[in-house]
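> Chain by chain, the residues run as shown.
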Amino acid sequence: MFLLALITVSAALSAADEGRLKIATTSSLYDTGLLESIVDQFIEKNDATVQIPSHGGTGIAIAAGQKGDVDLLIVHDKAREVKFIEEGDGLERRCFAYNYFYIVGPDDDPAGVSGLNASQAFKSIMESGLSNPDQVKFITRGDLSGTHSKEQSLWKAAGYDYSAVNTSGPWYVDAGSPMGATLIMANEKSAYTLTDMSTFMAYKGNLTLVPLIEGGDELLNVYSAIAINPEKHPGVNCQLANLFIDYLVSPECQEIIGTYGQEQYGKPLFFKGEGNCDLMGCSAEECVVPTQAGCAQA
Amino acid sequence: MEEIWNGILRAVELIVTLNPEVMEITARSLFISFTAATLAAAIDIPLGGLIELREFRGKRALVDLIQTLYGLPTVTVGLLVFLLLSRSGPFGSLELLYTPTGMVIGQMILISPILIGLTISALRGVSPHIRDTAISLGANESQVIRTIIKEARFAVVAAVLIGFGRALSEVGVAMMIGGNIRDYTRVLTTSIALQTSMGNLETSMALGIILIGISMILNLSLSRFQGR
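Chains A and B, in that order, are what the protein sequence lines are.
First residue of the first sequence? That's 1 in our numbering, and the numbers climb one at a time after it.
First residue of the second sequence? That's 1 in our numbering, and the numbers climb one at a time after it.
Calculated directly from the structure, the hints in this document are not laboratory data.
A portion of the hints provided could be inaccurate.
Capping the alpha-carbon separation at 25 Å, the derived lysine to aspartate or glutamate pairs in DMTMM-like fashion look like this [claimed, not checked]:
no., chain 1, residue 1, chain 2, residue 2
1, A, K83, A, D278
2, A, K232, B, E3
3, A, K232, B, E202
4, A, K83, A, E285
5, A, K83, B, E202
6, A, K67, A, D246
7, A, K267, A, E218
8, A, K156, B, D183
9, A, K67, B, E3
10, A, K267, A, E255
11, A, K232, B, E2
12, A, K83, A, E231
13, A, K67, B, E202
14, B, K150, B, D132
15, A, K83, B, E2
16, A, K204, A, D31
17, A, K83, B, E3
18, A, K123, A, E214
19, A, K67, B, E2
20, A, K156, A, D217
21, A, K67, B, E13
22, A, K156, A, D278
23, A, K204, A, D109
24, A, K204, B, E95
25, A, K123, B, D183
Label-pair ranges, simulated between beta-carbon atoms [claimed, not checked]:
no., chain 1, residue 1, chain 2, residue 2, range
26, B, F225, A, P133, 39 to 47 Å
27, A, D40, B, T76, 26 to 34 Å
28, B, A27, A, E127, 28 to 36 Å
29, A, E214, B, T68, 44 to 52 Å
30, A, P133, B, V16, 33 to 41 Å
31, B, E21, A, V210, 32 to 40 Å
32, B, V16, A, G275, 55 to 63 Å
33, B, I15, A, Y162, 22 to 30 Å
34, B, E21, A, N206, 31 to 39 Å
35, A, D107, B, I15, 44 to 52 Å
36, B, L39, A, N206, 29 to 37 Å
37, A, P133, B, A27, 19 to 27 Å
38, A, G33, B, L62, 39 to 47 Å
39, B, T68, A, E285, 56 to 64 Å
Being a predicted model, the structure only gives us computed values, none of them experimental.
Even glycine gets a Cβ: it sits at the ideal position worked out from N, Cα and C.
Bound conformation, chain B alone (with noise of 0.2 Å):
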C-alpha cells in the first residue's frame, strides 16, 4: 500500500515540479501514438466506410477477422515489425528499428483493426435514409462515403480516440519496435517497465499515474465533444 500511496505523492512531484526527463518522455509518449493514431485514422476511416458501402463476397468474413483482431497481441505486432525491419528482414536496409518512425508503423498496425471496425460498426449505425438520399441526389462512392462519415462523427472521433489510448497505453511495440532508448525511443510505458525492473516501484507508479491522468483528460474531452 505504502507504494501506492508514495506514488501518487511522487506523481504529483514530478508533476508540479514538471521534471524534465519526465515532461520530455511524456510529450514524446503524446507525439508517437498522436502521430500513429492519426496516420492510422486517415488511411482506416475512409477504408472503413469503402469496406462497410461495397457489397462484396466474404465481407462477413472479413468484419469477423478486423473484430478478432482487436485484442492483437501487442508483442505479436512487435515481433511481426520488428522481423521486417531488422537488419537482416525485407526492410532491414530503411533502418527503421528502434526509431520513433517504427514505433508509429508498429501503433498503426496495432490499432487499425480498432480504428476499421469501429469506423463500420459506427456507419452501420446511420440511417440508410441518408446514403439512399445521398445516391438519388447523384452523390458519387466517395460523396455517400464522405456524407456517412459526417453523419456518424462522434462515434468515428470515439474510435479513433479509443485507438489513440490503446496506442498511447502498449508495451509491447514500444519495446521491442523502440528498444527504450533514453532520449529517443523512451516512452511513458517503456519507463515503466524499466522503473519497475529496476526496483524504483513508487517512480514507477507515479508514471502510471501521469498515464491515467491523460487517459482521463481524453475521456472527459470526448465527452465534451459528443456534448453530453
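Excised from the complex, chain A in its bound form (with noise of 0.2 Å):
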C-alpha cells in the first residue's frame, strides 16, 4: 500500500520533468545571486522549471555531472572542464563571463605584495611565510575548487612544485573550506588569498582585508557551461540544457551579467563574455552563438 502510494508520487511529482533544468554550479554564481537573476529570466520566456541542485563548487559540479544527475554545468576551471568533455560526459564548452581572481590580504601587506604580478606575489608570501610564519599566513581552499586549481597554477607558474608548497609549513593554512568560510578565515587571521572577484565584493562588507593584486592575465577568471551528453547519461534534459546556454549567451543575457551587481557595489561583478572571446582564451567554437551542439539520444 505504501509502496503504492510512494510510486504514485513519484510519477506524479516526475512528470514534469520534460521541462525541468537542473544545473551544477561554483559557489561564486550562485553565491552572488547572478544565476538566480539569469534563471527568473529565463523562466519567464520558457516554460520551464529551474533548478540548482548542486552549488557548492566546481569539484562537486563535475561529480554530478559525471554521474548524470544534472543537465548543465556551468564552472570555471577549463582544464578540467575539457577533461570533463574528453570523456565523453559533456557536450560542448561554452564561455559565457569572465572576471578576475584577486589576490587579498591585510592591509599592512607584510609581505610586501602590493605592484607585483601575481606569480611574484605568491613567491614573495612563500618566502615571507617561511622565514616569519606568526606574520605571513596563505589560506587556501584546499578543496579542488576552480579556485583552488588557479592557485595551484600560480604556484606553477612561481616556479614551485605545488605538493612542496601544500607540506612546506604552518604558513600554508589548508581550509578545506567554500570560498566565502575561507575569506572569514583569512580576515580571523590577518592571512593573505586567493579569492574570485565576485564572491570578495559580496563578503567585502564584513572584512578588513583589502585587494592587494586585481588584474593580469594571470588572474583571469573564465565561467563557462557545458550541457550533458546525452549519449553517455540517457534521461538528461539536453535539449533545455541547450536552450539555457543560448540564452546564457544571448544579447540580453549578457547584458544582465555586464551590470550584475552595479547597483549594490558600485561596479560590476561579472564581464560579459560578448566579444571577450580572445581575451577569455577561448576558441571561436567555444564562443559560437546559438550552440551547435546536438542532442542525439543513444
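Hints in hand, dock the two standalone chains.
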C-alpha cells in the first residue's frame, strides 16, 4: 500500500521532468545571486522549471555531471572542463562570462606583494611565510574547487611544485572550505588568500582584508557552460540545457551579466563574454552563438 | 550503488593499510570529542544531580528547557561560539577560534543539555528510599548526590556516551569553530564534508563507514559495561 502510494507520488512528481532543468554550478555564481537572476529571466520566457541542486563548487559540480544527476554544468576550471568533455560526459564548452581573481590580504601587507604580478606575489608570500610564519600566512581553499585549481597553477607559475608548497610549513593553512568561509578565516588570521572577485565583493562589507592584486592575465577567471551528453547519460534534459546556454550567450542575458551588482557594489561583479572571446582565451567554437551542439539520444 | 560498495572497500583498505592521514584524523576526532565529553560530564553530572535534588521555583520549566535543547542545531552553537571567539568578539584575545580547544568548548556547549537532561532522568529512576536513607544517615547534599549518581551509574555513563557520540558525529561546530584546517582541526565529519565537495564520493563514504564503526564499538562496549 505504502509502496503504491510512493510510486504514484513519484510518478506525479516526475511528470514535470520534461520541462525541468537541473544545473550544477560553482559557489561564486550562486552565492552572488547572479545565476538565480538569470534563471528568473529565463523562466519568464520559457515554460520551464530550473533548479540549481548543486552549488558547492566546481569539484562537486563535475561529480554531479559525471553521474548524470544534472543536465548542465556552469563552472570555471578550463582544464577539468576539457577533460570532462574528452571523457564523453559533456557536449561543448561555451564561454559566457569572466572576471578576475584577487589576491587579498591584510592592509599592512607584511609580505610586500602590492604592485607585484600574481606569481611574483605568491613567491614573496611563500618566502616571507617560511621565514616568518607568525606574521605571514596564506589560506588555501584546499577543496579542488576552480579557485583552488587556479591557485595551484599560480604556484606552478611561481616556480614551485604544488605538493612541496602544500607541506612546507605552518604558514600555508589548508582550510578545506568554501570561498566565503575561507575569506572569513583569512580575515580572522590576517592572512593572504586567493579569491574570485565576485565573492570578495559580496563579503567585503564584513572583511578588513583588502585586494592587493586585482588584475593581469594570470588572474583571469572564465566561466563556461557545458550540457551533459545524453549519449552517455540517457535521460538528461539536453534540449533545455542547450536552450539555457543559448540564453546565456544572448545579448539580453549578456547585459544582465555585465551590469549585475553595479547598484549594490558600485561596480559589476562579472564581465560579458560577448566580444571578449580572445581575452578569455576561448576558441572560436567556444564562443559560437547559438550553440551548435546536437542532442542525439543513444 | 557503486559508490556505496566501493566506499566499503575503500574503508577496509584505509583501515587495513593504516592510512596515516585517516588514522591521524580519526585520532583527532576521538581526542577532541572525548575531551569535550569528559569535561562536560565533570560539570554536567553534578549539575544534573543538583537540579534533580533541589526543589526551586521554575524547576519544571528549566528541565523542559534543557530537554528542548537536546536538539540544539549544531550550526547555531557553531555560530554562537564563533561570535564569542572571533577576533572582534568578547573572547577574541584568547585566540581560540580555529583551534582544537575552541572545538572542545563548542562541543561541550552542544552536548551539555543532553548530559544534564539524561542525568536528571537517570537519577529520577533511583528509588527515593535510597535518598531518604542517605539523608537519615546524616549525609550532606553532595554526599547524597554522589550516592544517587553511584546508584544510577549505568544510565549516567550511557548519557555521557550518547553525548560523546553526538560530539563525534556533529559537523556544524567542527566546521565553524575548527575551520577544517589540515593537520590541526580537520576531523572525520569535516573531512567527509570536504571530500564530498571535492567529488571524492568513495573516500567520503569510507570515512563515514569508519565513523559508524567507531559508534558501533562505543555501543557494544556500553552494552558490555551494563552487563547485557
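> Please name the hints from earlier in the document that this structure breaks, with their numbers sorted from lowest to highest.
none
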